[in-house]
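> Residues per chain, in single letters:
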Amino acid sequence: MGNGAILRTLGVAASLALTVVPADAYKIYVSNEKDNTVTVINSDGFKVEQTLDVGQRPRGITMTKDGKYLLVCASDDDAVQVFDAVTLKLIKTLPSGPDPELFILHPTGNPLYIANEDDNLVTVVDINTNKVLAEVPVGVEPEGMGISPDGKVLVNTSETTNMAHFIDTTTYELTDNVLVDSRPRYAQFSHDGSQLWVSSEIGGTVAIIDPATRKIIKKLTFEVPGVTPEALQPVGVKVTQDGALAFIALGPANRVAVVNAKTFEIMKYLLVGQRVWQLAFSPDQKHLFSTNGVSNDISVIDVERLKVIKSIRTGRFPWGVVTSQE
Amino acid sequence: MLVIPFLILASPPLFAADDVASIKIGYISQQSVAPPNLSNLDVPPENEGIAGGEISIRDNNTTGRFMKQEFLLETAFLAENDDPVKAMEELAAKEVKFIVLDVAGDTVLKLADKAAGRDLLFLNATATDNRLRQQDCRGNVMHIVPSRAMYTDALAQYLVKKRWRKWFLVTGTLERDALFAESIKQSARKFGGKIVAEKQWKFGPDARRTAQAEVPGFTQDLDYDVLIVADEIGIFGEYLMYRTWKPQLIAGTQGLSPSTWHRTHEQWGSAQLQSRFFKRYKRRMRAKDYQVWAPIRAIGEAATRTNSNDFAKMVEYLKGTDFELAGFKGVPLTFRDWNWQLRQPILLIQPTALVSVSPQDGFLHPVSVLDTMGQDKKETTCKIN
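Residue numbers (the working numbering), protein chains in the order written: chain V, -1 to 324; chain S, 375 to 759.
Each hint should be verified, as a subset may be incorrect.
[Said to hold, decoys possible] Covered by chain S, according to a simulated footprint, are these stretches of chain V (three or more residues, beta-carbon under 8 Å):
1. 113 to 119
2. 132 to 143
3. 159 to 166
Rather than coming from a laboratory, the hints here were simulated on the basis of the structure.
Glycine residues also receive a C-beta, built at the ideal position from the N, C-alpha and C atoms.
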């Protein structure tokens, strides 16, 4: 990874507080929607290191590309808070538009694209100058945010309009709108940009869209013995760097589905905590973390063995998760 | 008669007006005046119901911008003596094909029969009568509001789950109170509740100053777990609480009550609809607002998914197996094909908090757990198909 130097600096800084930290130790940050906190977990032993007070109703959470700052959507404060990733001090607040829920950074690290659920807008913010660069009107209740690896195409999903909106990042024009099943929650490009995965929570499906043609090439449905079909509600989606596997969080089904991202065959369902929503890989992609809102924990999945190896207690209603080197 | 047509477009249209397909949705509201003793209590907001409809039309139009569709709302607010058939004909003359109804059960039937065979579909937002889902069902009426049976089953499941099985049923003097009480009795039989005592409340119109004297004796010498009150318009039910002979719970139309919506409901994305509503109207969204929001969203969904404003296509979609509505209840809402009742989870509320959501865990059903509430296919006496 290109930002290894910064990561090592982070590791050194952390080691001042702890005694021995492996060189590849990283942190896991979890936003707790009902506690107004972020749980900070050290990968060394997967221990909770600190609980950070943040703004009201924290949901979307991400790291700046240089690894220096942690960004948190404080939805009920209508703001994005910027914390120093090492000292965990609040550095500044970005204008976000009302009710920011999820956001994504341009691959170059700036700007930040924010979904404003209450106002049917995507707000584009320069994170260095704090300036709002654009407001793009989209469908009702925008939530999911994906960006193509080349940074040219931004995709937003609107939960009540039920569309994936394709936005040109230079002109801020909508170039296409793809109708998907009910309540699309998340949009994730594969790392080579050839697939766009969009989860539909109430529809119970995941659409895989060809970004070039904007056609749905595959629609995944799920089936778990003993779980009612209504409970199979896909939310978070992550695709491995090599494009081999996709992981899909299935909400109240308490499962993460493992999908072969080439054949679209569902390989396995991993039992995790209750009401699983968002997912994040460890920097080396050896582990995957899932936020389990109702059981108030995150599950740690061993990506190679496809096994759940641990759960870590968080605050109430863990919502989003990010790791320090992602 | 007051007929106010209006058009709301959430954002500037993306297409020239002549490319845009219009979908006109009507709303007829005619409710009886509250009895004098209630007139100075909580006056419902003037825009109760239609406010939810306006939000819904805005939502539809935001989506419509991407679909070359526009949604128009035509409303008719009727006084008690106005003729609803005339209002319906006026809407039909404006090419309204979908009409959301906030009227009594009898009026639903009157309109449905008058419109039989025509390109008109009614969506019932407020009439809870079980008979409209049973012997008096109609093929051109779809029910958004739950039936009384769904409401009382939702409550019964919770009480049985809590093992509060012995119920003392107190019924008001109105016909609708008797219907609610009858529905409670059916739910008791269905889930194993037991009506251990039954009384009618006949202490006159306003119990505010007399309840403390009357309620203790009225509830004395009875062995029950929960007092279930059947007082649909709220004449006396509120005055029972804290005044029973023994410290006892109240449920039914007051106390712990079933509802489609509540201001404290925030799960499953509903916080978003709540805050959208509050921002616009500076008041909390009420059950009736939700019950008018939902049918208009359902029509919007039909227009989006069929990419059409053709009546037959839209109705086929609404009545088909692909229809599902994301209604902020955590599961897709669908219609029962034996009586066109919308399947939905039901909130159990007290005035300032959400207590639970039914169906309760453990009540099973071979098709959908939502069908543990209300008239199931096997019990149906509806013959529309």
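> Give a verdict on every hint.
We went through each hint and held it up to the structure:
1. Here's how the region 113 to 119 of chain V fares: 3 of its residues keep a CB closer than 8 Å to some CB of chain S, so the rule of at least three is met and the hint holds.
2. Only residues whose beta carbon comes within less than 8 Å of a beta carbon in chain S count, and the region 132 to 143 of chain V has 4; three or more means the coverage holds.
3. Given as covered by chain S, the region 159 to 166 of chain V passes the check, having 4 residues with a CB less than 8 Å from a CB of that chain where 3 are the minimum.
Going through the hint list in order, the structure satisfies each hint without exception.
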